[in-house]
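With the UniProt record's numbering as the guide, the letters of the sequence shown map in order to residues 1 to 128.
Calculated directly from the structure, the hints in this document are not laboratory data.
Small disclaimer: the values here were computed from a predicted structure and weren't measured.
No residue lacks a Cβ here, since even glycine has one placed at the ideal position from N, Cα and C.
The reader is advised that the hints may include incorrect statements.
As the list claims (entries may be wrong) - Straight-line distance between alpha carbons at most 25 Å, and here's what the computed SDA-like set of lysine to any residue pairs gives:
| hint | residue 1 | residue 2 |
| --- | --- | --- |
| 1 | K103 | H38 |
| 2 | K114 | P72 |
| 3 | K110 | K125 |
| 4 | K125 | V19 |
Claimed, not checked - Distance windows between CB atoms, simulated:
| hint | residue 1 | residue 2 | range |
| --- | --- | --- | --- |
| 5 | A127 | S28 | 33 to 41 Å |
| 6 | D76 | Q96 | 42 to 50 Å |
| 7 | A20 | K103 | 17 to 25 Å |
| 8 | Q96 | P24 | 30 to 38 Å |
| 9 | D75 | A127 | 17 to 25 Å |
| 10 | K103 | V19 | 15 to 23 Å |
| 11 | D76 | S52 | 16 to 24 Å |
| 12 | Q5 | D94 | 35 to 43 Å |
| 13 | G95 | Y73 | 41 to 49 Å |
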Amino acid sequence: MSAIQEIEQLERRRFDAQVAKDLPTLESIFADDLIYTHSNGHQDNKASYIASIASGQSRYDKVDIENMVVRPYNDDRTAIVNALIEINLGPGADGQPSFTRIKYVVVYIKDEAKGWQLVLWHAQKQAS
């Protein structure tokens with residue numbers, strides 16, 4: 001399997017884990033030194049982001065990937081992902097589904113012992 005295919009599968013697995021609150025899977029994908037800059041500018045590290053998913057503060061009912069480009073570098077030991085996703089955040093105040101579209105960039109590093117690890121994640125909201 002190519003690095004591109006591995007990362008595409010890992011990204012889908014990551015989003016499935018976020019929706020399912022599968023914290024062990026997220027623990028294995030996120031590097032210990034993860035930095036996640038949310039679309040509102042708030043920053044999380046691995047522990048604080050996983051805690052926000054566990055508590056329900058960060059909630060995802062469904063994530064649809066609209067477009068994903070994976071670019072491997074450094075003899076397939078580094079990969080940069082650019083993607084556009086639509087997130088269903090559940091019912092809004094009016095009871096209707098609430099959606100947001102996000103463009104994001106993530107950086108994966110291949111660790112000899114742990115495999116691919118997500119080290120950097122930056123998100124940006126898109127106009128409705």
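Checked hints:
1. K103 <-> H38: 11 Å, holds
2. K114 <-> P72: At roughly 18 Å apart (the allowed maximum being 25 Å), P72 and K114 satisfy the hint.
3. K110 <-> K125: Distance of about 28 Å is beyond 25 Å: violated.
4. K125 <-> V19: Answer holds: K125 to V19 is near 19 Å, not above 25 Å.
5. A127 <-> S28: 33 to 41 Å: 34 Å, holds
6. D76 <-> Q96: 42 to 50 Å: 44 Å, holds
7. A20 <-> K103: 17 to 25 Å: 24 Å, holds
8. Q96 <-> P24: 30 to 38 Å: Holds, at about 33 Å.
9. D75 <-> A127: 17 to 25 Å: Because 38 Å falls outside the window, the suggested range is violated.
10. K103 <-> V19: 15 to 23 Å: At roughly 19 Å between Cβ atoms, V19 and K103 fall inside 15 to 23 Å, so the hint holds.
11. D76 <-> S52: 16 to 24 Å: 32 Å, violated
12. Q5 <-> D94: 35 to 43 Å: 41 Å, holds
13. G95 <-> Y73: 41 to 49 Å: Hint holds: Cβ distance 46 Å, inside 41 to 49 Å.
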